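Read top to bottom, the protein sequences are chains U and V.
Position one of the first sequence corresponds to residue 1 (our numbering), numbered consecutively onward.
Position one of the second sequence corresponds to residue 1 (our numbering), numbered consecutively onward.
It should be emphasised that the hints constitute simulated quantities derived from the structure, not laboratory data.
Predicted model only: the values in this text are computed from it and were never measured.
Fair warning: there could be bad hints in the mix.
To be verified - According to the in silico footprint, chain V covers these stretches of chain U (three or more CB under 8 angstroms from chain V):
# : segment
1 : 64 to 75
2 : 82 to 94
3 : 203 to 210
4 : 313 to 327
The C-beta atom is built at its ideal place from N, Cα and C for all residues, glycine as well.
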Amino acid sequence: MAEVQIMTGNTAAATAVKLCQVQVVSAYPITPQTSVTETLSQFIESGELKAEYVRVESEHSAMTVCISASTVGARVFTSTSSHGLLYMHEQLHWAAGSRLPIVMCCVNRGVGAPWSIFNDQQDSISQRDTGWIQLYCRDNQEIIDTVIQAYRIAEEVYAPVMVCYDGFVLSHTMMPVCLPDADMVNSFLPPYKPHTILSADNPRNINPVIFPGMRKNSAGILCDGYMEIRYKLQETLEKSRDVIVSTGIKYSKLTGRDYSGMLWHYKTDDAEVILTGMGSIATEATVAVDELRLKGIKAGVLGVRVFRPFPHAAIQQALQNARAVIVLEKDISYGYEGALCSDIKAALYGTGINPPLHNFIAGLGGRDVKAREIFEAVQTSLTEMNNKNTQNKTIWINCRQ
Amino acid sequence: MPENLFKVNKEEYMLPGNRSCQGCGLSLAYRYALKALRENTILTVPASCLTVLHGLYPTTSVTIPCLNCTFASTAASAAGLVAGLAATGRTDTTVVAFAGDGGTYDIGIQALSGAAERGTDFIFVCYDNEGYMNTGTQRSSATPMGAITTTTPILTKEQNKKDMLKIMEAHDIAYIATTTPAYPIDLYDKFVKAKRIKGTRYMQIHVPCPPGWGYPPRDTVKMARLAIETGVFVLFEMENGKFRFTGRSKSLAEKGNRLPLINYIERQDRFKKISDEQLHSMQKFIDNKWNEYQKKAEG
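For reference, chain V alone in the conformation it holds in the complex:
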């Protein structure tokens, strides 16, 4: 049973009236993440959907202090906060960077790798909506194969999604976790845990995006669940290099009843041009990753 099922912090740090889109997967995830992180937290956020969600000067819908930073600088911005707080004797504050997939996989990867290598004491959260959604759905290296974006309008994305988790694993950091707005208590538990751990912690949240992916806003949770059911997204934790499946992915791993990829693909307009060859290739890609995870879980 999820650890904090009956103990979720009742305080709201994300107030009504934020500027996210209808059905935004990020806004669901963010609400629970902030509840888990609580007051003694400083956020740093690069240009992204989250910047918009936070609101326009001089008002904000978020009651946790936040330092906005430039696109490429997120993890360095966090490192500066950590250093500045240490230098001024405020070491009880958790520094949390919250970037999109563009700000993590692409333009933010250098600063993130640097901060992780230095073992910077912070949580880096990548909310992965699989493209540059804030600028209107352009391809990122997190976009899956076969997806239409405004910069892959005809041929669709020809490459598989970059394995950012494996890149972070290679940094030998204290904690890696994946989570989803489909299971808010899973998300809450992992953020509570991340807050307790010292060192670099990397969290990746798979956040469905109705306008970017092309599905009705009411289906966000359904889409996030189907990603897990099909193994497109896998729930796990790695603590000090030790891998374990968690939540729904754990029972899928135990029972071996993953759904075929098509169940996820067919519900999203972004995949309407995917070829049979791409679908087959993507299924194979996902199966291989799943097998890798199973091997890791077996130790």
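The shape of chain U in the complex, shown without the other chains:
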């Protein structure tokens, strides 16, 4: 019988790392991620987790340590937030380009200037195109479960996974979490096998300069050029959808908690109005949906758990009967609209699924997002959507304009 403990999102993440028997941890303090690394320090110094802990001088070095330790065959972990993630940017590309199964928690926080320590998702969204798989959690149970699944996914497809969850809203909020059993995690997660062994017995020069064209190796075999290597990374992320789903199904069978889809659903069976979003804002939307239903509006929530690879086919299926769509998100692609909104629209292009769609930009820099505000904004949007000129619109929620 699995044990239930009351814990913060950050403790849940650190506990998952311990259960996965990570071998090298490297991290740098940044709010609101810091207590993940503090908890891991406790685990490692007390001997509960047998791992090397490299207390680096920057996030750039934290990701670097993960890259090289993973290259020589260690299971690695780091976590960060906001500017820490942005400081890693170069290394995020390098990690994905190196095809290393690094798992990192991004405890979502707004980005300066001006300084904000509070939650939004601009940090991880701005790293969308680095070649990382991005998974978003809606509660602390999902954090512990997602980190465990992330290692299995990463080590199967050889691509890094970023597990994203909202700063403070989840990271510092105590919730009951059902602790996965250590033996169950062991059986679920086979040992990590690196794709290349860096040893003198078979010397290799990993990630050297590569020219645009393909070149022959010393045995006369024509090897991949830069574009082929990029194509393979793209192909891997495309194929990782199946691995994410099959991993989720396996994990669901072992725990009884449902991770069988890249999306989660709340009252969507008969829903005409679909609210969608990632992380805790989607959880908040479920409260708004209950209120909307009391008003006789058939509303539901479609939670997006996987942002990269983008679950376009699942989105199409989930929205095929929607008469109105609201995309709630805590990020903005300046000069256009929210990143999730653009992706959802792109997923629907040419499918004949063409509901009116409003994009709610909300909660930037930790601005509170109340279910009541979502409820009211949805009602206003539904009225506006009857007008042909306002079927596609970006609306800033709870913001002086």
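Given the coordinates of chain U, assemble chain V onto it according to the supplied hints.
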């Protein structure tokens, strides 16, 4: 007499056909460094001339395994290798970072300082050709005063060279050594010794660069020797904080017969715009450093 004069490892780890320039000081030094380091070594190399020397995918001219890393990350990359090897039970492998002066003095200094402060068990080698030579001779903080580079084309470098060795000394690391391709056995001996020592070891090699410095490729060894004869570059070791002159610098210190700076400067096109004032200032800078070393040697 150099310790390993008749015992140099005959194995070659740097094969013919590498992509270094004609007369490259680095390629001379690298060959002997690898001979001293031998097989149970993993290298990590940032963007630099050495990346080019190693060759283009999918072939390489170097038979020691190497992990290429980004420019700012070299020492952290080494730290990750050390941690990863420790975590997987491969502690008999020496991790060696090999960066240029840009990757050490400038963009790599943060990660290097961090790794040194943590006492990371690795060798950091800075091959110092005194500028961003791989991108075509731009100024670095290791460029000497009075040198023309493509980013100091008219006024020349106005500042003295940063004292990276003193910065590393301030980290209280296990071993610091300077060496040169002009005396390959000095270089070999120091790498053999560095490999034996545990903890953070910092090695700096002064590598003349024919295209960057503006001298004929045949004169690389001559240029490296003149740097030592004039005290522009000083051969020494520091073990657990104890300083000692070594090799040719030791006899210069004993006999007090250093050559004036001009003997070194006049043979390189990069100094053709150096002013008398700069030359005087640079001579004074070098004399002061020399005196500092002598005081350290006297203890």
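Evaluation of the provided hints:
Judged by the Cβ-Cβ criterion of 8 angstroms, the segment 64 to 75 of chain U is covered by chain V as claimed, because 11 of its residues qualify and three suffice. Residue count for the segment 82 to 94 of chain U with a Cβ under 8 angstroms from a Cβ of chain V: 3. That meets the three needed, and the coverage hint holds. Closer than 8 angstroms: that is the beta-carbon criterion, and the segment 203 to 210 of chain U has 8 residues meeting it against chain V, so the requirement of 3 holds. Only residues whose C-beta sits within less than 8 angstroms of a C-beta in chain V count toward coverage, and the segment 313 to 327 of chain U has 0 of them, not enough to reach three; the restraint is violated.
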